[in-house]
Amino acid sequence: MIEFKNVSKYYTKDYPSIKNLNLRIKEGEFVSVVGKSGTGKTTLIKLLIADEKPSSGEILVGDWNISKIKTNDVSHLRRQIGVVFQDFKLLQKKTLFENVAFALDVCGTPRKRINEIVPQVLKIVGLEGKENRYPLQVSGGEQQRAVVARALVHSPKILVADEPTGNLDALNTKEIISLLEKINNFGTTVLLVTHNKQVVDSLKKRVVTLNQGMIINDVEQGRYKIE
Amino acid sequence: MLGILKIFKFGVQSFARNFWLAILTISILVLLLLSINGLIIINFITDEASKVLQEKVDVTIYLKSDASVDQSQSLKTYLSNLPSVESVEYVTPTEALGDFKALYKDKTEVLDSLDFLDSNPFGGYLVVKTTDVNDYRTVLAQLDTPVYREIIENKDFTDHESLINTVNSITSYIKQFIIAISIFFAFIALVIIFNTVKIAIYTHKEEIGIMKLVGASNWFVRMQFVFEALLYSLAAALISMILIFPIISLVQPKVFEFFNNNSGNIFYFYRQNLFSIFAQQLLLVSLLSAFSASLAIGRYLKK
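Line by line, the protein sequences are chains A and B. 173 is the number that my numbering gives to position 173 of the first sequence; each next residue is one higher, with no gaps. 1 is the number that my numbering gives to position 1 of the second sequence; each next residue is one higher, with no gaps.
Bound-form chain B, shown alone:
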């Protein structure tokens, strides 16, 4: 315990003595973390866009005009009981006819043509929403039985599916790009911390030499530099978290505009996930720093 306190003391001393070097390193780490936050925001907006699109998707199952109400209700009950189905709305043939008339109320020639028919030409239909957009195909496949085939006129999901596949594909590319950029940034952080510690070691060369001469353990020498690097990480994570909010306030109006004020609240997302975003970034940059510092001092201690 005492050893750890001494490590803290020497780490803080070293941090203070290399003030300008510390400021420079922290600034670069802050820029890296802000870039990572930028990627988080892009990821959030992409997810939101995908979610909005998926919420708008449903599938309509058109029933034959001779399908009875009992048969239609039975199909509705069957669909409602499927775990992946969120809601099923049944529109009766009469309601379908009413909707048609309402749609073409200004086109008398269309409405007049209905008078030539003896009966209601419309069958009922079911509007189905699933909890996950990827479940539509499964749900529709489950209707492919002789009982339901007999009453179903048409069920098609192809247009929606193609759109959703395109969005999913774009989202997936963006996520891969984000991962690649994050790895690149992580590598930069690694190199920066490595060099900072190397410079700190160089400036403290004499002191480290004396430490080793008088019996300081390698662990003690190593840990004070690791602790110093952890201080850089903590400072950088705190500063980037403070700076990200003014940056969001600049971006937010444009994002709201894009989503017609219905979605894309980045502030809300950050407020809800503030602790987890901060903790993850701190953990990431701390691990990189500790590893990098340990590597830099390790090379020196082996000499």
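Chain A with its partners taken away, still in its complex shape:
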């Protein structure tokens, strides 16, 4: 499903953010990526969504080699990979419904289809009845659910979450992680980048640990362990 083959990324000449990284993620897997700050976790995600290009190596998504993806093809890739960030990235002047619909609107989806899809995904993330509220009128957890809903509207095969619980309290964290597990159970591959030890340990899923841009640990049903 996703394969990093000997991938390196240099932002500066001498210091690699990712170095000779090899990682293979199977379809439907739930993988947590952990590591100290500055170990290349976010770079890994940026490479996967083609926000950055690798300095060397190959990245495969399905059969698609995205290492040298053309600018015009990036949008097609992004429709196959849903992305959730710590800072939500919701438009404050739009309601939750409009925020979720926005992802379809800018891709040219007809209004009728939007009106069918958006209520469905809002139901999946548990935001029924709150669709007409603005981001500031709901809790952080609900904002993050709306972001997850937005990431799901294109029915992506992969969902990438970069510190999705970083701004949430314990209760909301638990709910968001449960939501990600639910989405994973539907068959979506989930790549979770987190610092939260409790989350990783409770998941009992595969854990990849990064250090200085390299994988130092990759364990099925692993635990959060950083030396």
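Mixed in with the good hints, there may be bad ones.
Unchecked claim - Chain B residues, not near chain A, derived (Cβ > 10 Å throughout):
id, residue
1, K6
2, F10
3, T46
4, K64
5, S87
6, E95
7, K101
8, K198
9, E207
10, I210
11, W219
12, F220
13, Y268
14, L301
Claimed, not checked - Keeping only pairs whose Cα atoms sit at most 30 Å apart, straight-line, the calculated DSS-like set for lysine-lysine is:
id, chain 1, residue 1, chain 2, residue 2
15, A, K68, B, K198
16, B, K198, A, K46
17, A, K53, B, K155
18, A, K112, B, K212
19, A, K19, B, K212
20, B, K212, A, K130
21, A, K157, B, K212
22, A, K70, B, K9
23, A, K130, B, K205
24, A, K70, B, K76
25, A, K46, A, K93
26, A, K68, B, K212
27, A, K5, B, K212
28, A, K68, B, K205
Keep in mind the hints are simulated off the structure, nothing from the lab. Because the structure is a prediction, the values reported are computed rather than measured. The beta-carbon is built from N, C-alpha and C at its ideal position, and this holds for glycine as well.
Using the hints provided, position chain B relative to the given structure of chain A.
Quick look at chain B alone, frame taken from chain A:
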């Protein structure tokens, strides 16, 4: 088709959200277009002045007094058949004498001097008008044959030519100046639209970031800004066309005065060419806007 409709929708939304920025940009574009209209009017007045002058120009071919009527008529027919000749008027020696007498009817000493001559001293002459003032020299050159040289007393175009050359030269300088000023204005328009789009991009930075994140194509993002710039252009072209008529009404009396009410009707010129002037200005400012907006957003999308 649906994508284009969505682009229109987002473009109009952006236009409305940046209302004051839009007003400012449109105002500057209107000023630029009014300046260009000013240049069009100057060009029109120059052309009119040149046309009036050229209409007044003709060339007179004086025939020898011994040239027969048949020879004169033959020359007239020859000239009339030349494609560049608009009209030829033949004045016979008798008519020439009559004209002379009429001219000096109050000067008896001049008229008395004619009595000392045995015959009519005047030859006939031909007044030739060509369709284009630049054809006179060619026409006169075609008379430089032994047959016609024998009956032609004098044919001179030098004075007219020098005047016309001076007017043509001034007109040409004015046109070059207009082109240079237009290029300068085009450059200003380019910079203004570029900056407007840059500001619009800055204010919509978060929205554009999310658009790209959720899979909007670069084309979609680019085209909504291009469309927004096209809206500025359309509004500016319409407003400048509305404003130009009161401005013309201020200038028109002076222009009529200059041409003695015989020429220089700017209103008529605008009414006759309204669609073409509007279309050309809209096309020009739209191309500049589209190019400029595309350049501004292109730099952002490459990041």
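Violations among the numbered hints, reported as their numbers in ascending order: Of the numbered hints, 1, 2, 9, 10, 11, 12, 14, 17, 24 do not hold.
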